[in-house]
Structures are given as structure tokens and as C-alpha cells.
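**Student:** So the chains spell out like this:
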Amino acid sequence: MIYEILIKTITGFLNVLPVLVFAIIISQIVSYYASHKKMGKQLKENEANISKATVLGMLSPGPLIAYLPTVSNLHKKGMAPSLVVAFITGQALVGPARVFLEVDYFGWQFFVLRVLLAIFIAVGAATVFRVLEKYIEFKK
Amino acid sequence: MKKSLKEISINSLKSMRFILPIFFVSVLLSVLIDQFIPDSIIQLFLGKNFWIAVPVAAVLGAILPIPRYATYPIAFTLFEKGASMGVIFALICGEVIIESIVRDVMEVKYFGWRFFTSRLFISIVFITIGGYIVAVIL
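Chains A and B supply the protein sequences, listed in that same order. What the first sequence shows, in this note's numbering, is residues 1 to 140, in sequence order. What the second sequence shows, in this note's numbering, is residues 1 to 138, in sequence order.
You may find that some hints are simply not true.
[What the hints assert, rightly or not] One-sided and incomplete, this derived list gives chain B residues near chain A with beta-carbon spacing under 8 Å:
#	residue
1	MET1
2	SER4
3	PHE23
4	PHE24
5	PHE76
6	CYS93
7	GLU99
8	PHE115
[Said to hold, decoys possible] Result set (DMTMM-like, lysine to aspartate or glutamate): computed pairs, CA atoms no more than 20 Å apart in a straight line:
#	chain 1	residue 1	chain 2	residue 2
9	B	LYS81	A	GLU133
10	A	LYS76	B	GLU80
11	A	LYS8	B	ASP104
12	B	LYS109	A	GLU133
13	B	LYS14	A	ASP104
14	A	LYS8	B	GLU80
15	B	LYS14	B	GLU99
16	A	LYS8	B	GLU99
In case anyone wonders, no lab produced these hints; they're calculated from the structure. For each residue, glycine too, the CB sits at the ideal point set by N, CA and C.
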């Protein structure tokens, strides 16, 4: 039983390993050329627009933690919490590496639908935040 | 060119060192789910009852400490055993909304508790709506 489980695990892991390694490398390439500083600058230039903040978030590679200081500085300088939500949610929901893994596991249809719905989720959440901003004071 | 190649290679190897072992454990968990949890249980709780299962999957995805990308093998096994696509969608999206404790602590530090909890709650609501849409379409 244990032997069978181990064989299935190793086989399953080796089957997906090429896609995973490829996804990690692509993610690092995108990260290198679209650094969080460049994305932060784009975010600043499009600061009033929830949809653009969402798309910028989705196009931003790498861990969100790298963007938080930049986004926080923009927030302190006046960027609305709703735009922060749009960017963070967009960035978290979609990323370059996920394309390959999701298409490999679930197919193009699922991935395209998830990206479209991710836009809906990020824009929706940011829109609700835009209403909340009028009634709740968020930390600056 | 050489500098960029070197930096990308080093960062890729660093990422792989972290992600590959976690992914292996995730594949092991998916094999254990496949071996020990009957299809009928998955179909009952995550297939037919997707109206309840989708929000539960969104919340579970958010609160379980599943590392990045590690959801996919588990989600795929659940899907093969009969879970609805809406549940899979909610699980994957829930996992990314709260990715790691370190990131969450940083978010609270920069933006405050109100921001973090509001974003979490509102995101789960919208992920649930998205899950229902996926369940109907796919």
C-alpha cells in the first residue's frame, strides 16, 4: 500500500515537473523585466482607475509582498483604498506561472473563465470598497 | 544579457528549492485523497451540493495554509472524483486571497486590520459568486 502510494506520488510529480519548472522560469523572466518598481510607477500614473489598477495587478509577477511597500507609499500619498484593493486582488488572483499549471490541469476554458472572473472579483471588490471609503476610515 | 540570465537562473533555482518540495507533498496529499476518500463522498459534498460547497471551498481555500501552486494537484484530484468546477474555482481563488501569514501580517502592517478583514470578506463573497457562475457554465 505505502509502496503503491509512493510510486503514484513520484509518477504524478514527475509528470507535472516539466510544466512546473517552466512556469517558475517564465515567472522569474517576467519578474526581471517587469519589476515592482516599474509596476508601481504605472500604478501611480493610472491612480484613478479601478480597471487599470486591476489589470496592472494581474500583469504584475512575483509575490505580492514585494509590491506592498510601493503600494503603501502610493496610498499614503493619496491613492484610494479601492485602488489598493483592485491592485492587490488582481495581483493575487492571476499570475504568469499559473497559466501553465492551470491549463495543464484544467484546460484553456477554465483558465480563460477564471481570468475573466478574476477581473470581475477584483473590480467588484474595489467598487464595494469605493462605497465603504465614504463611511469607514482606513489607515494611512 | 549574461547578467540578466544569471540573475534569472539564480532566482529560478531559489524558487524551485522552495516550491518543488511543497508541490511533492501536495501531490502526495492528492494521492492519499484518491486512495482513501470515496468518489461518492466527494460527489455528495462537493458535486451535487455546490450551492453550499462553493462558499465553503472559498473559505477553506482562504484559511487553510496551502502554499502557492500546491492547490492544483489536490484540486485536480477532487475534480476527477466528482467535485464541481465551481468548487475548484472557489478553492483556487480562496487559496490566493490569503496566500501566506507573512504576506497577511505585512498587509495589516501597511493598511490596517479594517482594510485586511474588509478585503477578505468582500473577496470571499465575490469568489463565491464567481464559483456559482463557473458551476453553471462549465
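**Student:** Each hint: holds or not?
**Tutor:** Status of the hints after comparison with the structure:
With a least beta-carbon distance of about 12 Å to chain A, the hint placing MET1/B at the interface is violated under the 8 Å criterion. This hint holds: SER4/B has a C-beta 6 Å from the nearest C-beta of chain A, less than the 8 Å allowed. Among the interface hints, the one on PHE23/B holds; its C-beta lies about 6 Å from the nearest C-beta in chain A, closer than the 8 Å criterion. A cut of 8 Å between beta carbons decides the hint on PHE24/B: the least distance to chain A is about 5 Å, and the hint holds.
Because the beta carbon of PHE76/B sits about 5 Å from the nearest beta carbon in chain A, less than 8 Å, this interface hint is met. Below 8 Å, beta-carbon pairs count as interface contacts, and CYS93/B has one with chain A at about 6 Å; its hint therefore holds. For GLU99/B, the interface hint holds, since its Cβ comes within 8 Å of a Cβ in chain A; the closest pair sits about 7 Å apart. With a cut of 8 Å, the hint placing PHE115/B at the interface with chain A holds, because the nearest CB-to-CB distance is about 5 Å.
As the CA atoms of LYS81/B and GLU133/A are separated by approximately 43 Å, the hinted pair breaks the 20 Å bound. Between the alpha carbons of LYS76/A and GLU80/B the distance comes to roughly 47 Å, so the proposed pair goes past 20 Å and is violated. Proximity of LYS8/A to ASP104/B is assessed by CA-CA distance (about 35 Å); at most 20 Å being required, the pair is judged violated. Restraint check for LYS109/B and GLU133/A: the C-alpha separation of about 19 Å stays at or below 20 Å, so the hint holds.
About 23 Å separates the Cα atoms of LYS14/B and ASP104/A, which puts this hinted pair outside 20 Å; it is violated. Between LYS8/A and GLU80/B, the direct Cα distance comes to roughly 15 Å. Compliance with the 20 Å bound is thereby established for this hinted pair. In summary, the hint linking LYS14/B to GLU99/B is supported, as the alpha carbons are separated by about 19 Å, within the 20 Å threshold. Proximity of LYS8/A to GLU99/B is assessed by CA-CA distance (about 28 Å); at most 20 Å being required, the pair is judged violated.
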